[in-house]
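Chemist: Each chain is listed here by its residues.
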Amino acid sequence: MKHDPLTDEVLALSLSEIAALSARATRGAGRNWGEAEEAAEAACWLARAGLDWAGALLEVLQHPAPQTDCALRIGIALADAAALSSPTRNAHLATSSPCFLLPFVARAADQTGQKIRLTVADTQVVLAPGACPLIIGPICISRQARVTITTDQHDSPPCPAWPQTHHGAIRATEYAQLTQLMMAFTVPTSAHSQAGAGAQEDDND
Amino acid sequence: MSCEGLNPIPQARAFRRSPDEVMRLARMGCSHPTRLSFLRQLLRRMQAEGWRFDRPVWQIDAKGVGRAVYRAIGPTRTYSLVAFAHDLPPEARSDRVIATAWDATFALFDGTPDAADLDRLAANVPLQEAGRISPRELSLSRANRSVRLFDHVVERLATGVQPDAAMLLETGYLMRTTAVYGSGKFGAADRASIAGRPELSAPFQAEMLSVWLTRAFTVDLVEHLARTRGGSKAARLAPDLRRALGVGNSTGLGMAPFVIRHPVLLNNWMLAREEALARVRAQTGVGAAELAGFLAALNAAQANAEIWTSSHDIQRAKLADLREGLAQISDHVAQHWDQNTAHPWDDLWRWGQEVLPLEGQEALLAAMLEPHGALIDGLGDCMDANEDAYFPINGAMQIGELRAILQAHYDWAIGVDYTEPTQCARFWYVSEDKLEPRLGERHQEPGAARELPLDTGRQAAALWQALQGQPEDMPVAHLLLETPEHRPIVRRAQITARHPFAEIRDNLIAAQMLPIDILRCKLAFFGATRFDPRSDRWVRISLFQDAPYPEEMNGGDHEA
Chain A
1 MKHDPLTDEV LALSLSEIAA LSARATRGAG RNWGEAEEAA EAACWLARAG
51 LDWAGALLEV LQHPAPQTDC ALRIGIALAD AAALSSPTRN AHLATSSPCF
101 LLPFVARAAD QTGQKIRLTV ADTQVVLAPG ACPLIIGPIC ISRQARVTIT
151 TDQHDSPPCP AWPQTHHGAI RATEYAQLTQ LMMAFTVPTS AHSQAGAGAQ
201 EDDND
Chain B
206 MSCEGLNPIP QARAFRRSPD EVMRLARMGC SHPTRLSFLR QLLRRMQAEG
256 WRFDRPVWQI DAKGVGRAVY RAIGPTRTYS LVAFAHDLPP EARSDRVIAT
306 AWDATFALFD GTPDAADLDR LAANVPLQEA GRISPRELSL SRANRSVRLF
356 DHVVERLATG VQPDAAMLLE TGYLMRTTAV YGSGKFGAAD RASIAGRPEL
406 SAPFQAEMLS VWLTRAFTVD LVEHLARTRG GSKAARLAPD LRRALGVGNS
456 TGLGMAPFVI RHPVLLNNWM LAREEALARV RAQTGVGAAE LAGFLAALNA
506 AQANAEIWTS SHDIQRAKLA DLREGLAQIS DHVAQHWDQN TAHPWDDLWR
556 WGQEVLPLEG QEALLAAMLE PHGALIDGLG DCMDANEDAY FPINGAMQIG
606 ELRAILQAHY DWAIGVDYTE PTQCARFWYV SEDKLEPRLG ERHQEPGAAR
656 ELPLDTGRQA AALWQALQGQ PEDMPVAHLL LETPEHRPIV RRAQITARHP
706 FAEIRDNLIA AQMLPIDILR CKLAFFGATR FDPRSDRWVR ISLFQDAPYP
756 EEMNGGDHEA
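Line by line, the protein sequences are chains A and B. So for the first sequence, this note's numbering puts the first residue at 1; every next one is plus one. So for the second sequence, this note's numbering puts the first residue at 206; every next one is plus one.
Since the hints were made in silico from the structure, they are not lab data. All residues carry an ideal CB built from backbone N, CA and C; glycine is no exception. Treat the hints with caution; some may be incorrect.
[To be verified] Now the stretches of chain B that chain A is said to cover, found in silico as 3 or more residues with beta-carbon under 8 Å:
1. 595-607
2. 640-652
3. 673-685
[To be verified] Selected chain A positions facing chain B (in silico; Cβ < 8 Å):
4. L84
5. M183
6. T189
Let's have the full structure, built from the sequences with the hints guiding it.
Modeler: Okay, structure coming up:
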């Protein structure tokens with residue numbers, strides 16, 4: 001995709017483009033493929049929910065080696081463990097990018113069949129199985145924060161319907177950043193690899 | 206979706222082939238199109254639902270440059286192929302993905318485009334990857350003329366003479382596409398946004414519709430150029446010659462990772478075909494109509510094998526096997542097949558398995574399915590997949606169960622020594638220039654550190670090693686906390702436990718691995734014929750050869 005990095009225009013990506021870019025950028029940032037696949041799935045979930053998937057992903061990838069407060073790592077562990085017991089009851093975590101936890105907590109809700117509430121400062125997010133997140137409070141839930149995750153006991157209003165279209169928007173500067181990360185995992189095509197990958201001359205037969 | 210619980214013929218299960226037999230590259234590389242192939246599903250639906258077709262825009266000049274719109278009007282929705290014809294100098298004509306100009310470019314539009322839509326598409330579609338389309342478009346594609354044949358046909362028709370039939374058959378198409386992008390590529394509509402439409406729920410229906418309408422465009426274009434050149438002398442292409450034309454396609458490695466990265470989808474394709482074969486084998490008799498249909502399919506396969514040529518050594522040997530196999534089948538059916546046994550189709554199949562080469566066996570499968578539409582066509586509804594549903598890893602699974610899954614489904618992988626150079630000779634990667642999948646030589650080229658996770662066998666073996674000494678009752682979640690690098694293969698293994706045809710059961714980084722085997726399997730599901738590899742990793746094929754044209758769909762005598 002062509003863009004002018006001097007004007008921070010907004011681009012719109014399809015979900016398959018978001019998935020490909022996110023997986024490759026995560027891998028390019030030095031994470032393993034397991035984490036790259038999870039990051040792509042999470043970015044698409046955020047986009048479907050109308051949230052800032054690109055900003056959240058970039059926040060996670062700022063730290064090449066996963067830290068103990070990495071939302072991607074914490075989220076994966078939460079989702080994997082969901083079916084084991086009720087690990088989400090009153091979990092208190094510190095993480096650098098709480099927004100990126102949401103898709104994983106949503107998966108935990110799916111797996112346990114329970115509504116889960118995530119609290120970050122003044123923002124509360126209710127994640128019901130299969131539902132679009134209900135966000136109560138300011139939507140900006142990024143930056144280093146303490147998070148509380150608990151089974152939702154409140155009489156919260158119903159979750160909104162999933163938006164008709166996903167939020168594919170990404171600023172050109174963010175796109176450039178993710179693309180730069182992605183390129184770190186690509187390989188220059190060798191002459192050997194090109195040989196046999198198509199007609200060697202023209203296509204005039 | 207899973208149709209297992211809806212199976213009207215549960216007894217067929219006993220006749221199914223095992224994944225260990227089916228999911229081997231050597232056999233997958235002998236796949237033939239069947240009546241479950243995606244282009245056949247599309248044509249059948251359009252015929253059954255009485256779709257209408259028209260061409261509301263034809264603004265092509267005497268040089269063959271301009272735009273055209275072809276509409277397919279279904280009971281609920283309309284789809285339009287928007288075609289742009291260009292004046293391409295011969296030196297710019299390339300079928301490589303790195304090309305930047307083509308004889309014609311296309312987009313499949315969701316609805317009927319207005320003038321503003323056409324102008325937007327005119328500014329982007331001819332640029333292909335360098336342009337941008339929108340969620341109103343379902344596919345983006347391009348095609349080049351098969352120059353020698355294209356010029357010959359125009360020249361002959363302009364003088365009122367039909368083209369040389371042998372020449373037409375030899376090539377089989379006037380144009381060949383070099384890429385047909387869908388599913389969200391370059392801004393197009395995501396698969397998820399259209400998968401709920403009945404007419405697009407089967408795989409690749411938008412892409413198939415685009416190619417089918419492209420075929421009509423190629424014929425209209427030669428006839429248009431012949432008319433502008435020959436005036437009233439010009440002839441139209443004779444119906445039988447026209448019918449024999451398909452649309453060519455050049456395709457390469459990009460298709461192979463798709464098959465590996467979509468295990469649930471692959472399972473559903475293979476399982477539908479295997480269930481179809483099992484249903485036929487489970488039949489307790491041979492009806493007269495079924496026998497006639499089977500014999501007609503065999504004859505058609507033999508005729509197709511005669512015109513199917515290739516310059517690639519591997520494919521030439523396969524074609525020899527195919528012709529020999531088809532001759533053996535014909536002889537056996539005529540002379541020896543006892544149709545009065547308990548399961549005559551199963552007897553025929555078992556004979557074929559003992560006697561025929563793989564090419565012959567898979568051709569027999571296609572012919573056996575052909576006359577059994579009422580029995581198997583419904584399986585087409587089971588060939589899509591909600592892959593998101595299978596993405597979460599079951600962290601509660603115990604190590605003992607995971608180990609048992611590996612033993613049951615990855616036996617082909619866990620005993621291989623991947624330190625042996627020939628067993629890890631290749632690596633899959635994404636190219637820096639086009640972001641396209643490529644296959645590198647691990648011991649001769651740099652870049653293996655950036656390898657794609659398509660080394661499924663090696664991953665399974667590594668997981669198997671990691672499980673050694675671990676407590677049987679330890680949850681998978683705990684293992685993955687310590688070794689997250691095993692996540693991709695744990696997910697695949699859990700998927701494969703429920704979808705036994707999800708995994709290609711061969712080492713995909715071995716020195717002797719042939720990517721064209723993966724391509725042929727996928728292309729057969731599309732419905733491709735004339736599979737003609739030009740190396741171990743790219744191929745030319747034909748689509749829609751002998752299929753009806755839009756104006757022949759209603760009231761015609763051709764069953765799709």
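Chemist: Run every hint past the structure and note whether it holds.
Modeler: Hint check results:
1. 595-607: holds (count 6)
2. 640-652: holds (count 9)
3. 673-685: This one holds; 4 residues, not fewer than the three required, reach chain A with a Cβ under 8 Å.
4. L84: 5 Å, holds
5. M183: Holds - the Cβ of M183 (chain A) comes within 8 Å of chain B, reaching about 7 Å at its closest.
6. T189: At about 4 Å, which falls below the 8 Å cut-off, the nearest Cβ of chain B leaves the hint on T189 (chain A) intact, so it holds.
When each numbered hint is compared with the structure, no violation occurs for any of them.
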